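There are 4 protein chains.
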Amino acid sequence: MGIINGKEFIDRLNKLQNEIWYDGKKIEGNISDHPAFKGIIKTKSSLYNLQTKDELMNEMTYCLPGEHDPIGLSYLQPKTKNDLRKRRNMIEHWARHTHGMMGRSPDYMNTVMMSFASSAELLRDKENCFPEHILDMYKQAAKHDLSFTHTFITPQVNRSQSYFGSSEKPISAKVIDRTEKGLIVQGARLLATQGGLTDEILVFSAPKFFFETDEAFAFSIPSNTKGVKFITRESFVLSESSFNHPLSSRYEEMDSIVVFDQVLVPWNRVFFYDNVEAAKDFMTKSSFHAFTFHQVVIRQMIKVEFLLGVAQLLVDTINVSEYQHIQEKLSEIIVGLETIKALIEKSENDAQLDEFGYMRPSLIPLQVISTIIPTLYPRFTEIIQLIGASGMVTLPTENAFDSEIREDLDQYLQATNTNAEERVKIFRLAWDLTMSSFGTRETHYERYFFGDPIRISSRLYTSYPKQQQVNMIKAFLHADVDD
Amino acid sequence: MGIINGKEFIDRLNKLQNEIWYDGKKIEGNISDHPAFKGIIKTKSSLYNLQTKDELMNEMTYCLPGEHDPIGLSYLQPKTKNDLRKRRNMIEHWARHTHGMMGRSPDYMNTVMMSFASSAELLRDKENCFPEHILDMYKQAAKHDLSFTHTFITPQVNRSQSYFGSSEKPISAKVIDRTEKGLIVQGARLLATQGGLTDEILVFSAPKFFFETDEAFAFSIPSNTKGVKFITRESFVLSESSFNHPLSSRYEEMDSIVVFDQVLVPWNRVFFYDNVEAAKDFMTKSSFHAFTFHQVVIRQMIKVEFLLGVAQLLVDTINVSEYQHIQEKLSEIIVGLETIKALIEKSENDAQLDEFGYMRPSLIPLQVISTIIPTLYPRFTEIIQLIGASGMVTLPTENAFDSEIREDLDQYLQATNTNAEERVKIFRLAWDLTMSSFGTRETHYERYFFGDPIRISSRLYTSYPKQQQVNMIKAFLHADVDD
Amino acid sequence: MGIINGKEFIDRLNKLQNEIWYDGKKIEGNISDHPAFKGIIKTKSSLYNLQTKDELMNEMTYCLPGEHDPIGLSYLQPKTKNDLRKRRNMIEHWARHTHGMMGRSPDYMNTVMMSFASSAELLRDKENCFPEHILDMYKQAAKHDLSFTHTFITPQVNRSQSYFGSSEKPISAKVIDRTEKGLIVQGARLLATQGGLTDEILVFSAPKFFFETDEAFAFSIPSNTKGVKFITRESFVLSESSFNHPLSSRYEEMDSIVVFDQVLVPWNRVFFYDNVEAAKDFMTKSSFHAFTFHQVVIRQMIKVEFLLGVAQLLVDTINVSEYQHIQEKLSEIIVGLETIKALIEKSENDAQLDEFGYMRPSLIPLQVISTIIPTLYPRFTEIIQLIGASGMVTLPTENAFDSEIREDLDQYLQATNTNAEERVKIFRLAWDLTMSSFGTRETHYERYFFGDPIRISSRLYTSYPKQQQVNMIKAFLHADVDD
Amino acid sequence: MGIINGKEFIDRLNKLQNEIWYDGKKIEGNISDHPAFKGIIKTKSSLYNLQTKDELMNEMTYCLPGEHDPIGLSYLQPKTKNDLRKRRNMIEHWARHTHGMMGRSPDYMNTVMMSFASSAELLRDKENCFPEHILDMYKQAAKHDLSFTHTFITPQVNRSQSYFGSSEKPISAKVIDRTEKGLIVQGARLLATQGGLTDEILVFSAPKFFFETDEAFAFSIPSNTKGVKFITRESFVLSESSFNHPLSSRYEEMDSIVVFDQVLVPWNRVFFYDNVEAAKDFMTKSSFHAFTFHQVVIRQMIKVEFLLGVAQLLVDTINVSEYQHIQEKLSEIIVGLETIKALIEKSENDAQLDEFGYMRPSLIPLQVISTIIPTLYPRFTEIIQLIGASGMVTLPTENAFDSEIREDLDQYLQATNTNAEERVKIFRLAWDLTMSSFGTRETHYERYFFGDPIRISSRLYTSYPKQQQVNMIKAFLHADVDD
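Protein chains in written order, with full-length UniProt numbering: chain H, 1 to 483; chain U, 1 to 483; chain E, 1 to 483; chain V, 1 to 483.
Derived by calculation from the structure, the hints in this document are not laboratory data. Among these hints, one or two may not hold up.
Identical copies go unnamed one by one, so any copy, or any two together, can satisfy a pair.
Claimed, not checked - In silico DSBU-like pairs for lysine-lysine, Cα to Cα no more than 35 Å straight-line:
hint, residue 1, residue 2
1, 25, 42
2, 26, 42
3, 38, 474
4, 474, 42
5, 474, 53
6, 474, 86
Since the structure is predicted, the reported quantities are computational estimates derived from the model, not experimental observations.
Only chain H is shown next, with the shape it has when bound in the complex (with noise of 0.2 Å):
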């Protein structure tokens, strides 16, 4: 037992047949031949693949003390600055695999199923809380190489700041009933991204202003539990040619709703229920933030890489480096890439170990990144689009070019240093990355990933440390001038 490969991440997800409704049908047959959901399923089998191959199993995987097998390292609990360095190492990886575009790569969840197990200790002998649950969870995601979503979003019936929420039947998914076999959940949760496209789905609540007992919960279930319907958006994936969709065709993840119907959670599956007091504190004590953000603004140093990447290779196809306002679009990228990179290895080397051991990198940093990335990344696309000007637009596809016009297109859409075919490749990518459909979901996700900009903007003044600069300026202003 050990890691998986993308064959048996694809027949174990076949199996599960999971209730999974697109565009007012149930999915029949198996999921990973359905056109909306092949190549992202194929996508991801790519990185289960990538930490079998011998060359990087070595930054892929870990073995624990005594075991045989090698276990995924996005399941590693760091002890020391030099785990979090090889954590980091690891998602560089599968995110330039992927360039970042998967929001809902194997380590984001495995992280999250990690920083749980590591801080569960400050569930211990709390009221309607199991600890041991987690590292039980754990262990077997660790073992089985599971793969997770999760979701916590709750339905946006009414955004106002003095909007209690009532409603005789839940809305949002709430525990209804705690019977012997377990709880009973009734509601549903918004966005997840890649839902039922994983073997278990992980729930829990963010805790909020008015946040009532029967929402204070975690637990754990398999995609293919009784009651658990995942209700699709329509699909990004406009064909399967990567010409024409270089991008969505691969890495479009679709976002579901998730409807609970009664559902049965087994008590070895619940992690804690009925305690608001617990769950907040999960949230906020736990290493969850401090692993999670790490995890999550490496994949975007990756994506933003990427950006750079384009942004550049546009410029070089129309030959327009020598204008300064594109040498200032360009440097935007560079300063925003360098600030994100910067950001990050402060943060593990200000990493400290925390009261269970873990060596927790240094959240201000990570925080910063998360306040700036949600106006950075829309910012990127948009210059994007700024340097492709005109040419975003009237962009033919590949049976153009496979048809008896082709002879008009390598002529009228040759570029200074690229062929037709080539250039309109560039194009199709930059018109893919910031304006199909796929694309503008992409911005929109990496602008809330964090929740709403400007909360997180709120969180970073409340928590940041200001009373040593405020002194310094009270002991200035009764300084005398002779000092």
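Place chains U, E and V on chain H using the hints.
Okay, now just chains U, E and V, sitting in the frame of chain H:
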């Protein structure tokens, strides 16, 4: 003769059998039945119907002195400020019917033809110039209510300032021969919106830095002229469902590359050729900019109104109007809308009779709009995304509402003031407007409508009269304090 | 009786002997001789002279029916759109004479008084309201060409939303007693620009969240009323040299805290008191905002014209007009200026007769200006700094040019099109406008003139009619595609 | 010999009797007594005292091998990353003592000299180059703790790109003769901060587009060399009161134009001359940028810390921390500060030994800071003004608090958590930092420290390695989907 209705438009178009290449195939049969084109043709047809409705006919048409057949008011050559206001009213009607989403609504191109006719005298007695051909074409157009597109963007081979352009075979369309029957044109032009969907195509060159004699021409020919090919991009029509794709199903205009393959332009269709000076003069001194900008910015005003409505409807739906940052964002749109309105009105109030006896709107206020719209429009689409937030992502389709999971959707997607279906429709509209491939193309279209935003801004600076202000400062610097 | 000239203004002011505290000392003797005040008083006096000049008298004054003495046109209650345009012309004259630098030019406060008078009827028959006192005051003001300032900002003790304000002794000025002779007022108001430099001081309260009865009043009293003290800030007059400090030597208006120490306000000076409802109504339903905003934004338009002139003169002086980023920056100012102009014109064109028979400018366009000026003005001053660049820093003084090192200066500070002295004068002007303590106060003044910019923006949103746009969207969502 | 204390600095400076022209007069007597200079000289003297304090001496000085006299640590040529960190610590001490307000703190120029010495070998065996003079000067400087300024900006006659510069008499300082005794220099340089307030003046030319032989030089001479004149601007010291002007009374450094009137530069002071190639190489290949940027950005980091402290103290004083927009603004400063910190640390972590055996900080992270600080710093000062709002305007002076109206001030200017006097001190600090003539000069200084912001940005783009990113994209475009 005179105005046509929607059916006449469609019939005439189908009869033309223009050579349109879509995804590597030449379109056969009626263009109005093709999935990629039927939506826009239907919408355009409804615009023609609008001018034949009794209650609007008075506002949408006029009669030439001594004639009985009503002619589209977009052909009216304004001689008074009141004429300008009548034109505005007509433009608003058509724009409002299509929410400003149709860039090539008939009035746009009719206005271009009208502006050409109104300035034809500029070409009188100049070498290789045929002002009477312009006047004749204008009369034909008005009489038969011809539909037009135009194309003037040259292929983006190399955008470096020091690039002269050179290729054995022409890339940008050029006159390669002058025969007894007419000009022979070879080469391509990019980006004819609605290319192939109109009776005629107007071709001319925007003056540029290196402007060669064989590029200095203007003419109009039927779209089905031998040797004229329209090569389209991928269609952004995703379905015919107005629930799923309320805008793209109706307003996707398509853009084409236009190839001229040894095309004969008969002399009576040539406006001018081989005269660089005349080409420059005709663009800069004619009423082309004044009349065309006037049409464009009125359409954009209506589009911004539409954006404001969508933004506010989102705000109402999820009840977020109390948030200061939401109020600020909506205010931004209001400021933009009111600014555009005021500038349009000012351009009309400051209109002046030109040397040919036509009432030209003042250009500076229109140029100001052209300078700000490339940033305003994208910003407003961003605001809509920021208001929609995570609600923009997981939107089910029409079929989902027609299936057995409708009950789940009704429960979990309900909004404060609206049921689930209505709410999803609202959010899908917001998505189609700002995030679908159609929506981003609209954004890009407005951003680049007037050309490279940086040059627009330079042009405003250069053409603006600044000396008076400078003189005031100089006088002040030498003023006696006691003055 | 009627308009006064500069000398009359100065003589009357000196005679008042207002209690002004400057840098810890009570000013004795003629205020017009004091170094901190002589510049502004001289400039203000030149404004009064302007209205007595033969060539302008016609545009600057009017006569009441049956009267012969000309009255300042700023007192004119407009009844037609033409009246509004006459008012605009008069405001432009005064503003241009002072380059828009004088916030409390006489026309500003005269307009305030005129607006009060024009809406006095709103107070008719309301408790503790005396509309006839307003009308009487207005007549006195016009007849004697009285100068005014006003003060309404309450001390900024605590700006938290949940702060009610409470102190044994009043902080913000309040009515503490109602006697036979009049009200007794105690407390302070902040920020009376030109406080102590006018005949009268108008005191009223802007409605706010927690608004108590004893704060709901309005009155006007002579500046030298017993118990009224003006406590000034540091003066930003650095010298009398118009070479060194071309603006601050002329336009430094000074701001004061106004202290009311058991001040008796005679009944005939009380407009209303102890009536929260009336106070609110009088601010929101009167023509106060419409008429006052109209005056203010015209002055700001002239000021922006001045900024444009200075910016362009810098560009000419160091010959940088060829740079694209310079052109873009100048364009920004042009866009701002033309936008403001168009909105002012629109507010006049859309003016409507109010219930009292006066022609009110449309408020929305004026509110739009009030929303954008707090960012435009600071940005334009930044642009001037960016054009001036390092040239803004090492600027020699007038005395240096009068010394033996003048030859060095002449050689080393010469500019392309200008000699050293002129160039230094131009740059010193740019510096005084944007970087001196005077200049930054001007910037702050425009930024906060209409109140907290964030609230201005919220107010625009709240007062803007949006329902029609929303209804259009709703109709569209339910429209048949065939429509 | 070795480090000096404050008194020694002042005595030596007074003895020099540098030729300084202030407001048209040549300064006579001790410069340390002159009102415009006494504040900055006292502050600088306190910096020298700092290095002699027992508790800091260890961190502020080092000893050369075999020597006993401690030398200022700013002279240390770093050979390890630890040396870099020691340097950082020393720079932080001095910067913190002056809140980052002193641009020409001794460590800045000492670092410049150190960087020159560390790269002197670049000039070895080149024509007209004297590396040994640099090394000798460096030793002298360290041994005597000499103070320096430098000057390199050429007069801004004409900034057009096509301007070559030409004038019978030199404008920009040039070598006009080469004699037995040394070079003869004639012309001017702009903007020597602290010009005339140091022992020595270092003169060199930044390479530029049109760079002529006679401008290609570098040397250092005593400030009192015959023919050297310092022409100052107006002083921004408004008073000696640290209540009224807490920053300008201490940190106003003054800027001067430096005139060279037939100045003889002895050969042993010449570093190189008449060698364009060497001049360019010495700027671009030496460690000048790496070491100097390192010092500068550490000082700027401390200054941003100071801004954050002031901003937060304002927030506390008027109790506005609950407002989301205030939190956002403070977050902006936090993001800036943490970004700068992370980039500095990264430049040290990525430092590498150069060809001469010195440990050079990585330049890219430092260049990134140089690219963002010109917009960050002005924005942060704007944030402080926006928080202070109307409270920044009417600030009474120290004398007012010492007068009989103090009671009024105490009552009406009290703040929630602070008495009136303290509150006024806090606001006056915020004003002096951001709005006084001193404050705006600070802002302009940081905006232009590294040169024209637009060129800095271009330089970052040009020097950044981008090929790897581009190659990744190219590989992706040709990748098989199955990879």
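Results of checking the hints against the structure:
1. 25 with 42: both (22 Å within a copy, 30 Å between copies)
2. 26 with 42: Both. Shortest intra-copy (21 Å) and inter-copy (34 Å) distances satisfy the 35 Å Cα cut-off.
3. 38 with 474: between (63 Å within a copy, 24 Å between copies)
4. 474 with 42: Answer is between; shortest inter-copy Cα gap is 21 Å, intra-copy 61 Å.
5. 474 with 53: between (60 Å within a copy, 23 Å between copies)
6. 474 with 86: This pair counts as between: shortest inter-copy Cα distance 28 Å, intra-copy 44 Å.
Checked against the numbered hints above, the structure violates none of them.
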